[in-house]
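Q: Line by line, the protein sequences give chains A and B.
Remember, the numbering used here sits 1224 above the position in the first sequence when you count from 1.
Remember, the numbering used here sits 1224 above the position in the second sequence when you count from 1.
Because identical chains share one entry, a pair is satisfied inside a single copy or across any pair of copies.
Using 25 angstroms as the maximum straight-line C-alpha spacing, the simulated PhoX-like pairs for lysine-lysine come out as follows:
| hint | residue 1 | residue 2 |
| --- | --- | --- |
| 1 | Lys1267 | Lys1244 |
| 2 | Lys1324 | Lys1383 |
| 3 | Lys1356 | Lys1244 |
| 4 | Lys1311 | Lys1324 |
| 5 | Lys1497 | Lys1383 |
| 6 | Lys1383 | Lys1480 |
| 7 | Lys1243 | Lys1324 |
| 8 | Lys1462 | Lys1480 |
| 9 | Lys1480 | Lys1504 |
| 10 | Lys1462 | Lys1383 |
Derived by calculation from the structure, the hints in this document are not laboratory data.
Computed from a prediction, not measured in an experiment: that's the story for all the values here.
There are 2 protein chains.
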Amino acid sequence: MDLEAELKKRCNAFNNYWKKFLPEGGPADLYNAARHLTFGGGKRLRPCIAMLSCKSVFGDVESVLPFAAALELMHNFTLVHDDIMDKSDMRRSQQSVHIKFGEPTAILAGDFLFAKSFEAMHDLSVDLSMFKELDYSLIECVLDICRGQQLDVEFEQRKMVTEEEYINMINKKTAVLFELAARGGAIIGGGNQDEITACAGYGLNLGLSFQIWDDYLDISSEEKILGKDIGNDIRNGKKTLIAVYSLQNASGENKKILDEIFGNRNASDDDIKHVFRVFKEMGSIEHARNTGFDYIKKAKNALNPLRDSEAKEILMELADYSIQREK
Amino acid sequence: MDLEAELKKRCNAFNNYWKKFLPEGGPADLYNAARHLTFGGGKRLRPCIAMLSCKSVFGDVESVLPFAAALELMHNFTLVHDDIMDKSDMRRSQQSVHIKFGEPTAILAGDFLFAKSFEAMHDLSVDLSMFKELDYSLIECVLDICRGQQLDVEFEQRKMVTEEEYINMINKKTAVLFELAARGGAIIGGGNQDEITACAGYGLNLGLSFQIWDDYLDISSEEKILGKDIGNDIRNGKKTLIAVYSLQNASGENKKILDEIFGNRNASDDDIKHVFRVFKEMGSIEHARNTGFDYIKKAKNALNPLRDSEAKEILMELADYSIQREK
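Please put together the full structure from these sequences, using the hints given.
A: Shown next, in the form of structure tokens:
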């Protein structure tokens, strides 16, 4: 199977549908800011997962599109606000919204996308009690995302974070939305309780692995690949799994280097390379990779109860892909 | 009638109800930031309007409380984010959320309140189609608030804004939420179409007048009364009705003073006093007062179709009060 082609097909179908939620409009700057990141690329992973989960329980993919749009709008809202908080200048190989449009408009564009997410939910053609259930799930999901992002912000100020705390943080910040994508897709697709639970388990574990891999990529790739600032996370003292493992286990010279450079906003590019080397020597990068692999195994196992289908197969391959991707 | 006592009674009933949406919780900073402004005072005007509109169509006030909570949570979310955009250090006589908790946590606390607003809607015990109608109205309302706030931000950069543009801006930024409060209260209270329209017209015009008066108070009161920075609006070039009228009509020496000082972030306190004097001499403050009075008249006239009731009477008095208040 050509996974990328399968994803692209669904991504295109989704893109054709959801653009209606963000037409051009006024005030122009607000709309342009809301459209800048939203239509400036992105893998549409959450919509694809929702569509595939729906299909994996033999549901009608068309029916899940409004929900998929809500997820992607919500995801983009969090990116816009997160980039302000993290002071990230680049996203998806272009300027972040707050750099291009200024911070006030970026805050508003995020709020706008937030509201648009709930607007998209109203396009669902499901019975009203299912609408209410999904709408409530989306709300609880955003509340968790806020909690997770707050933990992420707080962790930057802390010297030490345990691996358990880290997993709890990315669970809220990232995995709950993947979990909702998969669970909601199965609900809308008419799956039974076992199938819904199977998809939810898949989404949750995929989300955990996805975030671990994302942090890994930030550390290990070059700026041109990711469109993000290299060293930004290290200068900010961002508690990725790689950092958490290193900080917990470092001793001697390695500990000294981390103490001096990690979280130091004035660190030079050479300093950053020192930290990279410590991460590598300590096996922290390998540890993060292995942890990511473990969650991927769990994600795939979660799908076992589903009947065989092309969609199930794609979900399986997507799991493997999510920790091989380079962007 | 003792209006303040009547409002206080409803305010207390509301406060007893809605606190459950923001219990103490973790991460502590996020919850404390979300609770800081929310429970740190405020007139609960929007909830009171919703409760009174409901009662004015002889509905059950208890049934409107979740909707009232949603309105107040939404209002507080906008205040938290607006204060970041406007760089306002004070709100309700205490530090703004972003000053006390830092900007990242303030952005998140706003997002959290936003989601909590939609969570409160799910507490409504109305039939599902009414829930969906009100939920959709709330979404459209927030989208308008974003548009209005964006206009407000953009207007600060512009030399000139017409009175029509100003009214359009405050209509979106402020009046739509008042309109929704009054309309939604009447809908939940079981009002007929005429009654719903009457209440909506009341809310809209009250909201316009309220914002005009708010701007007037910012200009004319002292810091200790309002808990806001004096001169902040003038230094930021904020286009209040008073400013708009002055900029449109100033000539000679007055025009020169406005050109030099209005929108000048480095203006001294003496400069600010000069601008105050120009506003007064040109009759701009009087003009804003009169415009506010006109909208109050419209708000009260809108209520004519309603049957007589204590609630209607309170709404009438509230209209008058809204342009006599000093905070």
